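I would like the entire structure built from these sequences, with the hints used as guidance.
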Amino acid sequence: MKPESSRAHLEILIVEDSATQAQQLQYMLEEHDFHIVATRNGREALDALRRHKPTLVITDITMPEMDGYELCRRIRADDQTAELPVILLTALSDPEDVFKGLECGADNFVTKPYEQNNLLARIHYLLANIHLRHREKVQSSMEVLLAGRKHVITSDRAQILNLLLSTYEAAVQKNGELAKARDELAKLNKELEAFSYSVSHDLRAPLRAISAFSNDLLRTYGPQMPPDATDLLGRVISSGQRMAQIIDDLLRLSRLGRQRLSKQPVRVSDLTQEVLNELRSEHSDRHIQIQVHDLPDCDADPSLLKQVLINLLTNAFKFTRQRANATVEIGCRLQNRERVYFVRDNGAGFDMRYVDNLFGAFQRLHGDHEFEGSGVGLSIVQRIIQRHGGRVWAEGEVDKGATFYFTLAPAATK
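Take any residue in the sequence shown, note its place counting from 1, add 569, and you have its number in the numbering used here.
A few of these clues could be false.
Mimicking DSS-like on lysine-lysine, the simulated pairs with C-alpha atoms at most 27 Å apart in a straight line are [stated by the list, open to error]: (1) K875 - K887; (2) K669 - K743; (3) K756 - K832; (4) K759 - K832; (5) K669 - K622; (6) K832 - K875; (7) K759 - K875; (8) K681 - K669; (9) K759 - K749; (10) K743 - K756; (11) K743 - K759; (12) K887 - K756; (13) K749 - K681; (14) K759 - K681.
Honestly, the hints are just simulated from the structure, not real lab data.
Only a predicted model underlies this, so the values are computations on that prediction, with no experimental measurement involved.
In structure tokens form, the structure reads like this:
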């Protein structure tokens with residue numbers, strides 16, 4: 570244990586308006602033999618500086634009464650405290666915080682939430698090199714351009730170096746946290762995919778048995794059953810088919826995360842005609858007016874883009890089923906220098922109040938008695954387009970149709 574006189578000499582002034590954070594910081598520093606004076610804002614800190622002679626100041630930036638920048642300016646403007654090392658606690662949400670720190674004369678940034686070892690290292694570094702502040706200072710002036718704005722920095726080289734080092738240290742810390750979070754997310758995604766596959770696979774066997782036994786029962790004993798029993802058995806078979814479709818869609822969703830993206834130039838018009846030909850043969854009993862406008866080529870994964878077109882055009886065919894004069898339109902337009910492809914129909918449409926639910930997995934805006942489906946198709950569309958770096962959105966009105974838009978990068982010119 571250090572002598573009391575030594576502890577009293579190493580006094581740190583804390584300026585923090587959050588009582589909880591101030592208490593945590595005080596406890597941590599006292600554990601390392603620092604004597605602490607705690608204040609709640611810049612004005613209290615200036616009063617404390619008149620009564621005490623701390624070795625160092627640690628101040629939060631955002632405070633209701635005199636922020637950390639202004640407090641630092643006041644400290645530098647007073648001959649009695651001008652050489653006092655100042656550490657700013659900040660989230661460093663904006664690079665301009667560094668310039669503000671230089672302008673007000675701060676020595677270091679420490680990010681919130683801070684690592685205890687990082688903060689202690691900053692404190693010990695400043696205390697070990699405190700004599701440098703008393704040497705003759707060489708002021709350096711430079712112009713820095715950031716986000717289109719010019720900043721003129723005039724500070725001594727030691728201060729600039731300290732702030733740049735603490736900013737770099739904060740960036741390294743954030744990068745480490747992001748890398749850790751990315752690894753954890755990748756692990757969770759793999760576990761989720763494995764879980765989805767396992768659940769889907771394990772559900773198939775009993776579902777096949779239910780479907781097979783129900784169909785056998787209906788074929789063998791159907792004529793002898795009362796009508797209500799036949800109806801109930803038909804519902805069992807129908808529900809089994811719907812469950813099988815949900816499992817297939819769930820597997821398709823889980824595979825999207827594992828499937829590698831193989832981008833290449835794609836003739837969107839050819840791919841669209843291919844999908845339309847398949848759908849026309851499936852709906853040969855219907856008359857649907859289809860308009861295909863100019864569809865520029867793009868860079869995409871052909872198989873995934875085909876899945877997007879299948880899902881969107883299948884929906885257009887399905888939701889126009891109750892229209893005597895069904896129309897489906899496929900095209901592309903230039904919007905803010907961006908190519909926007911679209912699929913439009915005059916079908917059932919949807920209420921725009923629920924547009925945010927459209928692309929959620931298993932989210933449906935229409936009941937099973939109106940239109941079949943599992944509610945996964947649009948979620949698959951969104952994931953595919955996002956993996957291509959594009960966007961997808963929709964507009965619609967009840968009973969007046971819907972339009973689905975998506976963006977893709979144009980094909981690279983040779």
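Starting from the hint list further up, note which numbers the structure goes against and sort them upward. 12 and 14
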